[in-house]
Amino acid sequence: MRDIIQEIYSTVRHNKLRTALTGFAVAWGIFMLIFLLGAGNGLINATMSNSGRFLKNSMMVGSGQTSKAYNGLKEGRRVSLNDKDINLTNTNFKQNIDEVGATVDQSGVTISLDNLYTSSSLTGVYPNKLKMDKMDILHGRFINQLDLQDKRKVIVISQDQAKELELKDIRTLVGKNVKVGNFAFCVVGIYKSDRSEMNNDAYAPFSTMKTIYNKGDKADYIEYTFHGLTSEAENTAFESRYRARINSNHDAAPDDESALWMWNRFTQSLQMETGMGVIRKALWIIGLFTLLSGIVGVSNIMLITVKERTREFGIRKAIGAKPSSILRLIIVESIIITTFFGYLGMVLGIAANQYMDATIGHMKVDSGLFQATMFLNPTVGLDVCIEATLTLIIAGTLAGYIPARKAARIRPIEALKAE
Amino acid sequence: MMIHLKDINKTYNSGSPLHVLKGINLDIEQGEFVSIMGSSGSGKSTLLNILGILDNYDTGEYTLNGTLIRNLSETRAAAYRNRMIGFIFQSFNLINFKTAVENVELPLFYQGVNRKKRHIMAMEYLEKLGLTDWAGHYPNEMSGGQKQRVAIARALITKPQIILADEPTGALDSKTSVEVMELLKRLNQDEGMTIIVVTHESGVSNETNKIVHIKDGIIGNIEENFDHEASPFGINGIMK
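Protein chains in written order, with the numbering used here: chain E, 1 to 419; chain S, 1 to 240.
The hints are simulated quantities; they were obtained by calculation from the structure and are not laboratory data.
Don't take every hint at face value.
With a straight-line Cα cutoff of 16 angstroms, these simulated EDC-like cross-link-like pairs (lysine to aspartate or glutamate) come out [to be verified]:
#1 S:6 / S:58
#2 S:116 / E:3
#3 E:176 / E:114
#4 S:185 / S:167
#5 E:406 / S:74
#6 E:163 / E:194
#7 S:210 / S:227
#8 S:117 / E:3
#9 E:417 / S:167
#10 E:417 / S:55
#11 S:98 / E:3
#12 S:22 / S:216
#13 S:128 / S:190
#14 E:84 / E:251
#15 S:185 / S:227
#16 E:210 / E:83
#17 S:159 / S:190
#18 E:322 / S:74
#19 E:129 / E:99
#20 S:128 / S:182
#21 E:56 / E:99
Generate coordinates for the entire structure from the input sequences, incorporating the hints supplied.
This is the structure in C-alpha cells:
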C-alpha cells in the first residue's frame, strides 16, 4: 500500500495542474452543497422560529364586516364578538375545542408609579393567554383563574415597561401597586418582552377590564386551543362549521367569510411546513446537481488522465504490470484525490457555515417597532456533510473505474504505440 | 533450447487482412546473440512482439525456455514478461516522472519485492552500468545513451532469460550506438545472456553472432557472423 501511495504521490507531483483542477471540481462541489444547505437551513430555521411563537394548535377569532345581505339585513355591517359567542365556543364544539379565552383591549392607558410612567395598551385576558402566546414570565406570575373570578385589579407588565417604572431592580415591582388611569392595580408579574412583535401590552383579567372600561358584553378576540384536527381539510371543515355557528349569532350568512376573521395557527404552520419542505427539496436538488458537476469534473479528468498515461501503462505492462495492478493504481489515485479534496471542501463548507453563523447567524431586522429574525443557525449537520462527501468519493471512484478498466484492458503493444 | 518457433502465422485484421508473418520457424539457443534484420514492413517488429509476449500469434507454436506461450491471459502474460524477458526499446520507454533508480526498481515492484531490497538491487545495476551518480535524476535530465543504459539496467534487474532489443540504437548517435552495442556484447559474452536485437541497420547486426534475415514475413537466410571486423560498417565502429 505504501508503494502505491508513493507511486501516486509522484504522479500527482508531476501533474500539479491536473490534480489541482480535479481537486477544485471536487472541493467546489462539496463546498457549494454544504454552503447552500447551510444558508437554506438558516432561512428555514429563522422562519420556523418566527412562526413557532404561538401555540400551534390554537386559533384566534376576531370580528369583521359582513359581505353578504342576509335575513333582511344589508351587507357591510360590523360584527362584534360578545359573551354569547364565547359561550357558544365553549359549549358547542366540545369535540374539538379544549380551552377558550377571550381578550378585550383598551389602548392609550398610562401606567405610573410615583413620577415614572409608561403608556401602553391594556388587554383583558384569560389565564390561558400565557399558554397560547407562549409568554415567558420573568418574575411573579400571570393572571390566574381567581383573578378572573374575583375581578381583581391585578396587572402583568412587560419587561420593557417594568424598566420604565423601576430603574434599578425590576423584581421589586412585583407586589407593588401602580396607577393605571385612575385605578390602582397590583403588579403580579413581569413577562419577557418579545421584540419580534409590535405589541408590548400590559395584561389584566378579562372580567376586570370589562367592568372598569364599560365594555358591556363585548369581546375583541376569542382564542381557543383545539385537538383532533390533523389535516388541512379537517381544519377547513371545522372552521366553516364554527363560522356558521357564530355568524348565526350575528344574523350574518353562515357562509359569510368576512364576518369573522379567523387565524388558525395550525393550518398556518402546516402550510409553512409544506413551503419549507419545498424549499428544502429545491436546495437539495440544486446541491446534488452541484455535486454532480463535481463528479462529471472528476470523471472527465480521469478520462483525460488515462488517455494521457496510456503509454506509461504500456511500459508498465511490458515490464510486468498485471491489468489488476494498473486498475488499482488508477482507482486508488482517484479515491485519494477525491477523498482529500472532498474533505477539504467539506471542512471549508463547514467553516463557511460557522462564519455565516457567527456573523449574520442571529441577524434581526429591526424596524424600530419590532424585530424579526432573518437568519438562524445556518449550519448543516455533520452527518449530512459526511454523507455528501462519501457520495462524492464513491461517485468519483466509479467515474475513475470506467476509464481505468479501459486502460487496464488495452494491449501493451497498442499502449506502447500511443503518444 | 531457449526459443523455439514453429510455423508462426500472424494476420492483422484492421480493414483489409494483412498477413504479416507467414510461417516462421526459428530456434535460438541459450547464450546466443542474434539479430533479426529486415526492412520496415518485413514483419521483424511483429516477430519481436510475439517473442516478447506483447502480441498474440494466430497459428503455430512458441516455446520459451520450455514453456509454451499460447493464448495467455493478460495477467499470465504480464507475469511471464516480468520474469523471463527484459525489454530494450528504441525510445527507451522510461517513465518520465520517475528517477533513474525508480525506473530500474519498477519490475521488482511488480514482483512484490520490498522497497529496501529493490532499491539496493537497482543501485547495484546502475553501478554496473556506471550510472550511480545519475540514480536520482529524471530521464529528461539525461542523455540518450544514459537513458538507454538505465533501460538496460531495468531489463536486467529481473535476471531474465532473454533480452529483447527493438532498434536499441535507433535514437542514438553513432558513438553512443557503439557503446550500447559493446555493452550488449559484453553481457552476452560475460554473463551468457541470450540477446535478440531487431534492427534494420547492418552495422548493428554486424555486432551480433547470428543474423536472421526476414523479408515479407518469411525468414530468408541465417548467417553465422563471428568476424565482426569483416563488414565495412564495422570499421572504426561506424555503424551509420
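Now for the hints, and whether the structure bears them out:
1. S:6 / S:58: Holds: residue 6 (chain S) and residue 58 (chain S) sit about 12 angstroms apart, inside 16 angstroms.
2. S:116 / E:3: holds, 11 angstroms
3. E:176 / E:114: holds, 11 angstroms
4. S:185 / S:167: holds, 15 angstroms
5. E:406 / S:74: Judged against 16 angstroms, a Cα distance of about 13 angstroms means the pair holds.
6. E:163 / E:194: holds, 14 angstroms
7. S:210 / S:227: Holds, at roughly 11 angstroms.
8. S:117 / E:3: holds, 13 angstroms
9. E:417 / S:167: holds, 15 angstroms
10. E:417 / S:55: holds, 13 angstroms
11. S:98 / E:3: holds, 13 angstroms
12. S:22 / S:216: Roughly 8 angstroms between the alpha carbons, so the hint for residue 22 (chain S) and residue 216 (chain S) holds.
13. S:128 / S:190: Answer holds: residue 128 (chain S) to residue 190 (chain S) is near 13 angstroms, not above 16 angstroms.
14. E:84 / E:251: holds, 13 angstroms
15. S:185 / S:227: Measuring from Cα to Cα gives roughly 14 angstroms; hence the hint holds.
16. E:210 / E:83: holds, 11 angstroms
17. S:159 / S:190: holds, 14 angstroms
18. E:322 / S:74: OK: residue 322 (chain E) and residue 74 (chain S) at ~7 angstroms, within 16 angstroms.
19. E:129 / E:99: Answer holds: residue 129 (chain E) to residue 99 (chain E) is near 10 angstroms, not above 16 angstroms.
20. S:128 / S:182: Given that 16 angstroms is the threshold and the Cα spacing comes to 14 angstroms, the pair holds.
21. E:56 / E:99: holds, 14 angstroms
Taken one by one, the earlier hints all hold for this structure without exception.
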